[in-house]
Amino acid sequence: MIDKGKLLQFVNCNILRHHNIIREDVWVRDGKIVNPEKIFFDEKIAADQKIDCGGLLLAPGFIDLQINGGFGVDFSNEVENAEAGLRKVAKGLLAHGVTSFCPTIVTSPPQVYDKVLRKIRKQDGSCDGAAVLGIHVEGPFINKEKKGAHPENCILPLEKGYETLVNVYGTLENVAIVTLAPELHNAGEVIAKLTSKGIAVSLGHSVANLHEGEVAVKHGASFITHLFNAMLPFHHRDPGLVGLLASDLIPTGKTIYFGIIADGIHTHPAALRIAHRTHPKGLVLVTDAISAMGLEEGTHRVGQLAVEIREGRAFVAGTNTLCGSIATMDQCIRTFQEATACSIVNAIEAATLHPALTLGISSTKGTLDYGADADFVLLRDGLEVMSTWIAGECVFKDSSAATK
Amino acid sequence: MRLVILESSEEVAEWAAKYVLKRINDFKPGPDRFFVLGLPTGGTPLGMYKKLIEYHKKGILSFKYVKTFNMDEYVGLPRDHPESYHYYMWNNLFKHIDIDPKNVHILDGNAKDLEKECEQFEKNILESGGVELFVGGKTLMNFIYFFKDMFKGQVVKLRLITHVIVQIFSLALYFGRSGMRISRTKTEYMSKSEEESAAIELEGEILTSIRKFKYLGSIVEREGGLDEEIQHRITCGWMNWRKLSGVLCDRKVSCEIKGKLYKTVVRPALLYSSETWPITKAQERKMEVAEMRMLRQMNGVTRKDRLTTVLKCVQP
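Chains as they are written, first to last, in my numbering: chain U, 232 to 635; chain C, -7 to 308.
Treat the hints as calculated values from the structure; they're not laboratory data. Misleading hints may appear alongside valid ones.
Claimed, not checked - Below are the EDC-like pairs computed for lysine to aspartate or glutamate, each with C-alpha atoms no more than 16 Å apart in a straight line: (1) C:K87 with U:E542; (2) C:K43 with C:E3; (3) C:K273 with C:D219; (4) U:K275 with C:D90; (5) C:K49 with U:D273.
Please model the entire structure based on the sequences and the hints provided.
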């Protein structure tokens, strides 16, 4: 734990600030990034400790908005030991540069929601693990035709609209994102209600056409769950939800963000490029990682289903349906950057700034602006994580690194 | 006083930085002996600051025992505004070196009582023992007067540069860009300063200091006097008179003609650009004497004849 009021100066680093990589020092105090000019002229003090970053790239900590579990833990399945499971994942993610995430619960029976949504709380990051920004509830109000790996028997309609939703979930206190299919009856009012409560609504697992998508956006939906997956494919006469990337009916000043799994498997690199070129500012990298992330080949559990890992991919056991990725966030960033040949800045912002903007927390997360939380990563060439820092404290260091 | 002219602004920046480096290191500043530095802002010193940062990073220059006082700051501009001098100094110098923030002084443009802020600033300078070395940019000229007022003649070691030096320097640069050069042997200067300044050097050659020179037909004197000019005018008058003396002194030519000739040819030479002269009575008298002589000679009259009053009828 760092002493309160201690002023740290991170020197010899290249930082990502205001969409550029510049040579600049980062000053941290009490877990926040502070403005050194103010300190120099107002307080007239020098740094208590200088930390040499060895010329590495200092980027904001990565934010994962969709992750079902990892390291053997499945959030939708680990009901009794939800807190322990959460801690395990939060700790394991630090090695991959993730400093904040949204544990995702897939379509599950009501009992699961009742317990898990109470046990998984929003919490700050620390040396024990990444910050929990809130739960991403993916389902059960989705379309059976696009269930993907979700169990069909748990999928529900919005019979009484918002009332049904609250009944099923129990509490919305710890929820940050809700994924639903906008073509469902009563979806519109539910979206509006959730948005008014500050919960981000995401469209996914749906057969909605572009018009239905646009109506949902008008009601307040702002995110698309894993673009291209579990939705109608792009058609030139009815672009479907994919068409939202270029829709002219999006209200002015509003940006539609879309999650995309850049593991090289769920999305073809060409599709990745199309999405990036169409709407680069809205692209958000998500892992949609399952419990098998970080584990060896074999069979594991995801939600209510059994999953098989073979050849570095995860399938629903016994079929060829992909059911989630096992790529880590830093791998996704590298894959994305290679496939689109975009700038390092764009690649990193897709995993930091854009997810923060989706949740409306960009003043504290996802940037290195003054006043933001001091959550960042030190990367070397090739965007490999050398160390992870939360609130100015080193929470992970790559042990295979050469002398620092 | 020394004027050093170099080929490019990069060379000037390096020269200036090396000079500052030398002065600070020779001074051997310590915890009881601070080196007080006066600093400018603007485009001119940027190169010098970059060099100073370089020297600091190399380990040959430390600002640990250096105090700085900046020349000025804008009033009413927020301190973190990109155009403010606080912002400028922080980003272009202070954040890259090891200076103690307590030793940095820049006027607060947002102080509630600006007079008091300036007074306190002055006090700080005096308490720190005065400025050991002041670095100024191209607009230093204006600030020389500013500082003289500010310090009301108290002991401040500032090097005074006159208008002429700055002009020569700027001109050399200006013409140099089009390939023209200033001649060292032919360039002369006249300084209007209250104290005797040392000779001005232009790349090793000492320039001639003169007391008067001719500009557009008039003579300009160092102290702004008229004697030389009046003498010159009288000489010109006589020259013109001599050209006409054949007619003017002829007994057979009428007074009228002589008068008209005089008024047309000689008078203008005598009075050329006299409209602006701050003439004294003595000088006026001198001119009258000259005119009288000319008129007497024209009419074959001597002073003994005492006909001055009559001759004055020539005047309109």
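* Tell me, in ascending order, the numbers of any earlier hints that this structure violates. => 1 and 5
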